[in-house]
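Enquirer: Whenever a hint applies, use it, and build me the whole structure from the sequences.
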Amino acid sequence: MKQSLGLLILMAIPLFFSLSAQAQKEEKAHSILEMQQVTELNEDYSINLKTTQSLLILNKDGLGHGVILIHYDKLRKIQNFEATISSPLTGKVIKKLKLKDLNDVATISDISVMDDSRVKYFEINTGVFPIKVETSLEMKYVGNYYMPTWQVVPKTHQKVLSSSLELIYPESLGIRYKTQNINVEPETGQVNGKTKLKWTLENLDPQPSDIDEEDDLFIRLGPKKFSLEGYASEMDSWEGLAKWQSQLNKGKDELPGPLKAEIKSMVVGLESPEEKIARLYRYLQENYRYVSIQLGIGGWMPTGAAEVYKYKYGDCKGLSNLMMAILKEAGVPSNYTIVRAGQDAKDIDVDFPSNQFNHIILKVPLEGKDPVWLECTSTLLPPGFLGDFTMNRHVLVVTEDGGYLDKTPDYSDLRYNTVLHEANLDLDDLGNARIKGSRSFQGLPAQWFASAMQQSETEKKKYVLNKMNLKGLVIDQYELNVAKENNIPSAEISYQGIVQQYFQNTAKRIMIQPQFEPLETDMLSNNCIKLQDRISIKAHRNLEPEAPLLDFLQEEENYKSSLKMSFSDNTLTMDRTVEINFPEDMTKEDKQQVLKTINGLHNKTLFFKKLD
Amino acid sequence: MKTFYKFLLSSCLVGTLTLITAIAQDIKFGKYSQEEIDLSSCEYEPDAAAVVIYESASSYFVGGNLHTDIHFRKKVFNPSATDIADVTISYYHGGKSIEIISGLKAQIVNFTDGKEEVIKLSKKEIFEIDAGNGRKEYRITFPNVQPGSILEYSYKKIDKYITFLDGWSFQNRIPTMVSKYSIDIPEYLDYRFLGQGDNFVSRAKKTQKNGKYEWELTNLKSIKPEPYISNFEDYLDKIEFQLAGYKKDNSQGYGGTGPAYESVMSSWQETADELTSSDKFGGFLKNNASTKSLKEIPLEGTSSVERMASAQKYIQENFENSRRVGIFPSQTIKELLGSKSGTKADLNLLLLAMLRANNISAYPLLISSKGNGRSTLVQYPFITQFNQLIIVAEDEKGTAIYLDASDKELRPGYLSLDNHVEGGFVLMDNNSGLMPIQLGHRSGVFQMVNVKLNEQNEMTFDNVVRYSDYDAIQFRNNSKGSDDLEEVKKAMFSENQDNINLLEVNVKSGPRPQIDTKFTVTDKMDESTNLIYLTPFKYLKYKENPFKEDSRQFPVDFNYSFSDNYSSIINIPDGFELDDFPESINIAMPDGNSKLLYSVTQMEGMIKISAVFEMKNSMILASDYKDLKYFLEMVTSKFKEPVVLKRIAMNLSENVSQAKSE
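In order, the protein sequences belong to chains A and B.
Counting in the working numbering, the first sequence runs from 1 upward without gaps.
Counting in the working numbering, the second sequence runs from 1 upward without gaps.
Please keep in mind that the hints were generated in silico from the structure rather than gathered at the bench.
Ideal placement from N, C-alpha and C gives every residue a C-beta, glycine not left out.
Some clues are possibly wrong.
[Unchecked claim] Derived lysine-lysine pairs resembling DSSO-like cross-links, with alpha carbons at most 30 Å apart:
#1 120/A <-> 124/B
#2 136/B <-> 140/A
#3 346/A <-> 178/A
#4 346/A <-> 596/A
#5 646/B <-> 508/A
#6 408/B <-> 95/A
#7 28/B <-> 310/A
#8 312/A <-> 120/B
#9 132/A <-> 77/A
#10 340/B <-> 159/A
#11 543/B <-> 508/B
#12 508/B <-> 462/A
#13 224/B <-> 461/A
#14 489/B <-> 596/A
#15 538/A <-> 346/A
#16 638/B <-> 596/A
#17 484/A <-> 346/A
#18 524/B <-> 452/B
#19 460/A <-> 508/B
#20 489/B <-> 604/A
#21 120/B <-> 538/A
#22 609/A <-> 638/B
#23 120/B <-> 310/A
#24 538/B <-> 609/A
[Claimed, not checked] Pulled a few chain B residues facing chain A out of the computed Cβ check, cut under 10 Å:
#25 80
#26 82
#27 86
#28 143
#29 224
#30 330
#31 332
#32 339
#33 340
#34 343
#35 531
#36 580
#37 629
Expert: Right under this line is the structure:
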């Protein structure tokens with residue numbers, strides 16, 4: 001899996017700004033907002049969105065709030081736009097803006113080959129405050145598959161005087177919504193024979209910039225009946241949403257003759273589905289590459305398998321769909337699976353069926369066994385190993401005529417989270433040390449090594465050096481071996497070299513810092529890890545430890561660690577183990593505190609007296 | 001500022017077009033030699049995953065436009081390099097077809113069992129993208145890419161503007177086996193060219209025949225960014241062109257005088273006049289209502305430098321910087337005075353107008369900031385080499401004072417770190433030209449520490465640290481100009497701040513940027529042992545060695561030279577004696593550029609540690625990298641060494657305290 005996958009693949013997930021309900025202190029406001037939004041659903045499934053707002057920018061930090069940013073593409077069209085920038089002090093109009101006055105750029109990423117999404121934008125530059133920006137924007141969405149969430153307070157450090165949402169929809173299509181921290185009931189009414197709901201909120205305090213999504217105020221919107229470019233379904237259940245996807249996928253799995261023949265020959269003699277999966281997944285990895293394609297409905301509809309076969313490239317939809325067709329040909333059924341990908345992405349809101357996704361993977365169910373999950377955009381992962389990009393989260397599995405929610409594996413077993421380290425050092429008179437050692441990684445810690453293996457020698461060495469985490473290390477010689485036994489990625493580095501200025505001297509003593517790899521939160525994307533170190537240091541002269549050497553075992557609720565040091569024959573031996581198992585709901589701060597404690601305890605400087 | 005001298009520096013080649021003769025061979029689209037088919041690695045960079053086998057651009061003039069035929073041939077060795085198969089060709093259309101791409105051809109060839117399989121890309125497979133703001137892109141996604149694939153594409157680029165020609169860059173992120181550029185210049189046009197880069201200067205093969213000039217470089221290594229050099233683009237091999245003159249055809253008709261030569265920006269003065277002739281630019285320089293109105297803003301101080309500082313401060317405090325750079329103002333002076341927000345060029349030209357309104361001589365100074373793709377300036381008026389505008393003013397003695405009002409931390413004589421360049425182009429009425437920029441400064445950190453035992457039985461370190469000149473500017477950049485002590489503390493100390501109490505941060509007024517800080521650090525005593533280990537200094541410029549790699553391609557740029565001076569006095573508490581301490585040393589890099597003097601002095605009841613850490617030259621050659629790395633390893637290690645105090649036998653200490661209380 002390329003790291004560039006971090007970019008959005010299917011379509012943009014709406015970003016949620018968050019705020020704290022228990023605001024301890026009044027946050028400073030950089031701008032003051034009044035906003036009215038009207039979202040009207042039409043019988044033909046299109047949506048008219050009208051937003052009118054008046055923003056008073058108070059200082060230069062509020063300039064960012066005033067940036068005009070309108071995303072559009074074939075499915076989201078701009079109908080009308082006007083803006084006026086004026087000075088409330090003098091009452092003078094500084095600038096009037098029409099659509100043609102805005103800058104216009106493609107939002108295409110470096111890796112995307114095809115993409116029709118664009119953005120119109122305008123930045124206000126001024127050193128005079130306050131300044132008022134009044135905008136009115138009308139957009140038309142051609143389908144109601146995706147309905148934008150109403151964000152009551154769009155920016156942090158923004159005071160909202162009033163904000164309202166009018167939701168107008170025909171009863172025949174219906175609508176669904178989910179409110180969060182909205183403590184008012186909507187007014188109800190009728191407009192043009194349609195139902196109207198209106199929420200109005202007033203005088204909301206500015207939000208701090210570091211707040212949790214749980215504390216934010218918003219109304220998530222979703223359709224009941226929906227349609228996009230001729231494909232209709234219902235979204236009041238996950239099944240309805242999956243059903244729509246299955247319509248889109250229909251007929252996309254046809255394979256050309258030569259590929260069918262190739263598949264047949266590849267699986268000759270292979271009995272179990274696991275063997276077939278492994279062989280065919282390898283075929284996919286060796287012959288196809290990932291590119292990003294985003295074009296209108298192409299954002300959800302996969303490219304046909306035959307076309308991906310022809311070009312030998314595809315996006316996550318095209319590659320997953322092709323793999324599904326290949327497996328089907330080999331007699332192994334699998335399911336197209338929709339996921340919100342990203343190492344730090346929050347799990348979807350399972351109670352509110354709606355488009356909360358941005359990526360596609362494949363689920364291969366096996367009778368009587370755990371399913372095999374395939375990341376079809378990766379040329380390197382072992383079959384069945386998803387990595388932290390899509391692990392441990394809810395996904396929507398699409399079946400022939402419907403679908404269901406499922407969860408990807410959490411890899412919380414230690415065999416997916418282990419790092420072993422061994423090193424022997426010989427100290428010299430100048431403060432340096434010769435070192436010979438090895439480090440092995442299993443599971444998630446090893447997930448990027450396969451990609452490092454493909455780098456140039458220089459880059460590979462840099463990567464290895466970086467993984468050693470030893471100050472002053474100059475590697476003379478090393479060997480990196482990468483494997484994926486039992487479909488778990490693993491890597492082993494053996495190396496030798498010199499550690500420059502490994503220890504410090506005073507007249508009577510030497511000081512050694514153990515330099516155990518410090519634990520950091522990003523090593524724990526999975527909430528668990530096991531580290532084991534065995535380091536032996538042979539001194540260049542006669543020494544004796546100044547203080548008793550550490551020897552302890554620590555067993556706490558969420559972790560255990562042990563450290564045993566001994567000194568004999570002028571050789572210091574240090575054995576350490578750490579096993580961490582954080583509960584999923586533990587806060588980042590609490591995790592950091594634990595890691596800090598462990599790191600502090602293990603990495604204390606050791607003092608030795610020089611003898612003779 | 002009486003003299004401006006022109007200067008020419010190494011690895012930079014300028015000239016008019018007179019070259020030796022020879023002819024190089026071109027390759028034909030779609031025809032592959034056996035060597036190319038068999039090629040499975042790059043000979044001089046064996047671990048490269050792909051190479052550019054051949055790239056060429058050939059320029060010629062057709063009816064006043066420049067046509068350039070461009071041709072690339074690349075080969076994939078390793079699956080990790082398949083991303084070279086996603087190609088973007090970007091060009092500036094500007095709504096007026098300023099640049100046009102035509103005749104785009106692309107194909108990929110795979111060789112299976114000696115059989116050539118060609119896939120030509122259709123129009124449908126080449127995607128055209130409007131990148132906005134006048135830029136367009138073609139994106140080619142080659143199908144069927146595998147190790148051994150040869151990718152090839154070619155196109156013609158037509159350029160309407162011929163004053164500045166794009167020229168050619170010879171290097172790529174993957175190794176380049178052959179790269180050439182040729183240009184056929186008609187007799188009526190005259191161009192200056194500017195080449196740069198070590199390879200270009202030392203070993204480009206040059207040929208010339210009938211007005212056609214060609215440069216060829218072979219076996220170029222791949223280029224990659226490295227830490228501690230923000231500006232590796234400045235070292236690339238490339239060539240650019242600027243029109244120097246043309247022949248006007250006056251010969252037609254009876255009595256014609258024959259072709260007359262018209263020079264174009266042929267001198268610095270002519271270039272300066274052209275730049276400043278626009279209304280926007282000129283409006284800042286001329287007398288008008290706006291510039292006259294500036295006289296009403298009172299400037300403090302008596303000396304001219306004090307008044308420069310006052311004008312600079314006025315803009316820093318009253319105007320916002322829109323963070324855009326460029327050598328042209330983005331608005332008129334009148335608009336700027338209304339919006340109170342401008343680009344670096346806007347703000348600096350306003351500063352210039354304010355100084356001139358107060359009878360201080362000041363001139364625009366164009367520079368090429370670090371990272372702009374130019375390590376040395378050329379002595380010909382190549383205007384595209386500049387990307388930023390600052391100000392040079394004269395004090396009473398005629399000394400040049402450099403000014404930049406766009407950065408709130410700067411004072412007269414100080415420039416932001418990416419503006420520390422060797423020279424610039426000063427725009428004057430009569431004496432425009434290149435001038436060297438010499439920034440005098442005495443950057444460094446002065447640290448005084450006093451360590452003693454407090455009443456709570458803790459060792460306390462009282463630290464007074466003064467940051468001067470660029471260390472002060474760097475300090476303010478790191479703490480984002482904040483005055484909030486908590487914020488500043490976070491910026492000063494990356495980790496373990498619990499036992500640090502930042503008492504004071506004082507940004508000093510005065511001609512030099514200086515910041516005085518005061519903080520205390522308390523170390524709990526470990527009661528279980530009879531020893532106290534104390535590392536003498538809590539502030540360190542390099543707590544850890546920033547260099548990890550074992551070799552390097554580009555020089556290391558520290559941005560400024562410095563001299564740090566630290567001293568720590570440790571008062572030995574009652575009941576303790578000095579047991580052990582670091583040894584005095586004196587280490588330096590072999591070239592003497594960087595050194596550390598570390599000395600220990602024992603005195604009655606105390607021990608004093610002094611250190612001088614110096615870097616005389618901020619640029620360290622890649623060839624000295626290993627020495628630098630080891631030197632910094634020694635420095636960081638030395639500062640970890642402790643002073644050890646030992647408790648004197650218990651009864652004695654009791655006696656002492658009793659003696660005191662009596």
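Enquirer: Against the earlier hints, flag every one the structure doesn't satisfy and list their numbers going up.
Expert: Checked against the structure, the hints that fail are numbers 12, 15, 19, 21 and 31, while the rest are satisfied.
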